[in-house]
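**Student:** Spelled out from the first residue to the last, the chains are:
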Amino acid sequence: MLKGKKIIALGDRDGIPAPAIEECVKTAGAEIIFAATECFV
Amino acid sequence: MTTPVVKGAAYVLVHTPDMVMHYGTTCSVEHEVNPNSDFLKKVPEHLRTFEEAVKYAPNQVYIGNMLPNDLHGIEKPWYNNLIDDAKAEGKQGEIVSQDEFYIAMKLSDAFDLVMLEKDFIANTKGKLEIKPYYSEVELKKIGEGYEIADIEEKVSKGAEPLLVKDKLVGCVKAAHERDKNLSAHVMVENIVSKASGVIALKNLIFKNDISADSIEYVIECSEEACGDMNQRGGGNFAKAIAETAGATGATGSDTRGFCAAPAHALVNAAALVKSGVYKSVAIVAGGATAKLGMNGRDHVQKGMPILEDCLGTFAVLVTENDGVSPILRTDIVGRHTVGTGSSPQAVMESIITMPLDKNGLKITDIDKYSVEMQNPEITVPAGAGDVPLANYKMIAALGVKRGDIERTAMQDFIENHGMPGFAPTQGHIPSGIPFVGAAKEMLESGEIDKAMIVGKGSLFLGRMTNLFDGVSIVMERNTGKVEEAGTVSKEEIKGMVAETIKEFAAFLLDGK
Chain A
1 MLKGKKIIAL
11 GDRDGIPAPA
21 IEECVKTAGA
31 EIIFAATECF
41 V
Chain B
1 MTTPVVKGAA
11 YVLVHTPDMV
21 MHYGTTCSVE
31 HEVNPNSDFL
41 KKVPEHLRTF
51 EEAVKYAPNQ
61 VYIGNMLPND
71 LHGIEKPWYN
81 NLIDDAKAEG
91 KQGEIVSQDE
101 FYIAMKLSDA
111 FDLVMLEKDF
121 IANTKGKLEI
131 KPYYSEVELK
141 KIGEGYEIAD
151 IEEKVSKGAE
161 PLLVKDKLVG
171 CVKAAHERDK
181 NLSAHVMVEN
191 IVSKASGVIA
201 LKNLIFKNDI
211 SADSIEYVIE
221 CSEEACGDMN
231 QRGGGNFAKA
241 IAETAGATGA
251 TGSDTRGFCA
261 APAHALVNAA
271 ALVKSGVYKS
281 VAIVAGGATA
291 KLGMNGRDHV
301 QKGMPILEDC
311 LGTFAVLVTE
321 NDGVSPILRT
331 DIVGRHTVGT
341 GSSPQAVMES
351 IITMPLDKNG
361 LKITDIDKYS
371 VEMQNPEITV
381 PAGAGDVPLA
391 NYKMIAALGV
401 KRGDIERTAM
411 QDFIENHGMP
421 GFAPTQGHIP
431 SGIPFVGAAK
441 EMLESGEIDK
451 AMIVGKGSLF
461 LGRMTNLFDG
471 VSIVMERNTG
481 KVEEAGTVSK
491 EEIKGMVAET
501 IKEFAAFLLD
511 GK
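Taken in order, these protein sequences are the chains called A and B. Taking the working numbering, I'd label the letters of the first sequence as residues 1 to 41. Taking the working numbering, I'd label the letters of the second sequence as residues 1 to 512.
Hints in this document: simulated from the structure, not taken from any laboratory. Each hint should be verified, as a subset may be incorrect.
What the hints assert, rightly or not - Here are the computed lysine to any residue pairs in the SDA-like style, where the Cα-Cα straight-line distance is at most 20 Å:
1) Lys393(B) to Ile16(A)
2) Lys393(B) to Lys5(A)
3) Lys393(B) to Phe40(A)
4) Lys393(B) to Ala20(A)
5) Lys274(B) to Thr251(B)
6) Lys26(A) to Ser343(B)
7) Lys401(B) to Lys26(A)
8) Lys26(A) to Asn466(B)
9) Lys5(A) to Phe40(A)
10) Lys26(A) to Gly341(B)
11) Lys141(B) to Leu128(B)
12) Lys490(B) to Ser343(B)
13) Lys165(B) to Glu51(B)
14) Lys141(B) to Leu107(B)
15) Lys393(B) to Gly15(A)
Claimed, not checked - Just a sample of chain A residues kept apart from chain B, beta carbon distances all over 12 Å, derived:
16) Lys3
17) Lys5
18) Ile8
Backbone N, C-alpha and C fix where the C-beta goes; we use that ideal spot for every residue, glycine too.
Using the sequences provided together with the hints, build the complete structure.
**Tutor:** Structure below.
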């Protein structure tokens, strides 16, 4: 589903952080073009 | 070697509705980019009165008049179900009004930067005169004040205004003509942080009947930075706060780590006392103006009061073992290391389960976990969810994975080992530390045996690293046994025996 897609990953400090999302989508063959974790509190 | 204990804790809120509009980043950025927005027009009608802030149940929990679990007995939304007989005076602190606080800012102003109007001082200083912790010498420092025309002139030249119901009553001047780190705006943030920290430290000293000069070291752990253009963040808030609070026997330093800083400070304070470097260490943090009204846009949109209208501040005193106060277990400390990784599971394991495993404890051996205790009534309407609950779910899931609890028992675990969030979203304030005072009360009454204080910090916000951070320490009921000075602990004897056996084994192997 993600193979060949370009991905923008926004992580949540209290949920799933961006580096973790990045690792997951990379293994599914997607390309990360921007990843950042934000703090919403 | 002594065992460090939590001798006292103080929690103070400062109700600052006018600062929401002028110094909170949500409103101040809106002023810059969209000054005529509907949001800004609606803000004043969503600001609470001082009485409403006092009667708000989570605020009563914060200052120690109620325990966190008491919130289960109050119907939500809490802002519609106020506590009629609530008091601004708390068992462990107080709620201070904005006008009183402006004068407290003047008392924390070492460089004559705060100007307050004559009539405002005359009408307000009585509020400080009845407080037991202000001396006559301090009250004299307030002075007579200035003519409003002088203050208006300073504001027209760049000083930052101090307002009460949108009426100018004072200002804060820049401390340098060109230095951005000493600009009027930065000086407001720093004087607010210092002054609110002073009130927390004064409450700690007064309410726990501590001699101010017995405090040997102060660790300040807010999120502000004081310094000039040559050393932004040079410090030292700690010594400045100690000076104004009358802790004449103290020196100190500042510890930073975003929201995790107070938990780091608690570990550091425990270590300094345990090692014997200092007998009495206070940790303190003032409030952050920038975070006032941070989620205000969503609160206004949903027809709620703007609940982020209070500065949060605290102080905790760590001393040598008195045989009564809860012990800080320096041998049960969790830490998120550089190599830990960022997956939620890795984060929680490093902070929660690794220190427990090291000490042969199960997740269920900790009676209460103090995680990030943000009030969900503030965060849920803004889409950030119930942060403490999310943390408890993760701890419970780890417990199931490790076999400490049954999957079907997860909900019970969350209810029994967790608690509702109650702390203001002031960054460093909600993370672990708000429960230290309540934990002390519950440990001393025998209601619980162990509590874990967990601090987590978003280091990536500083754009120096993508890393996250976290640290934890366990508070435990005091057994009543006090170590005699000069005696050797059981752990030290174990260490000596191990060292001797190791040396003997090496001798046998080497045949020397």
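**Student:** Of the hints stated earlier, which fail here?
**Tutor:** 2, 7, 9 and 12
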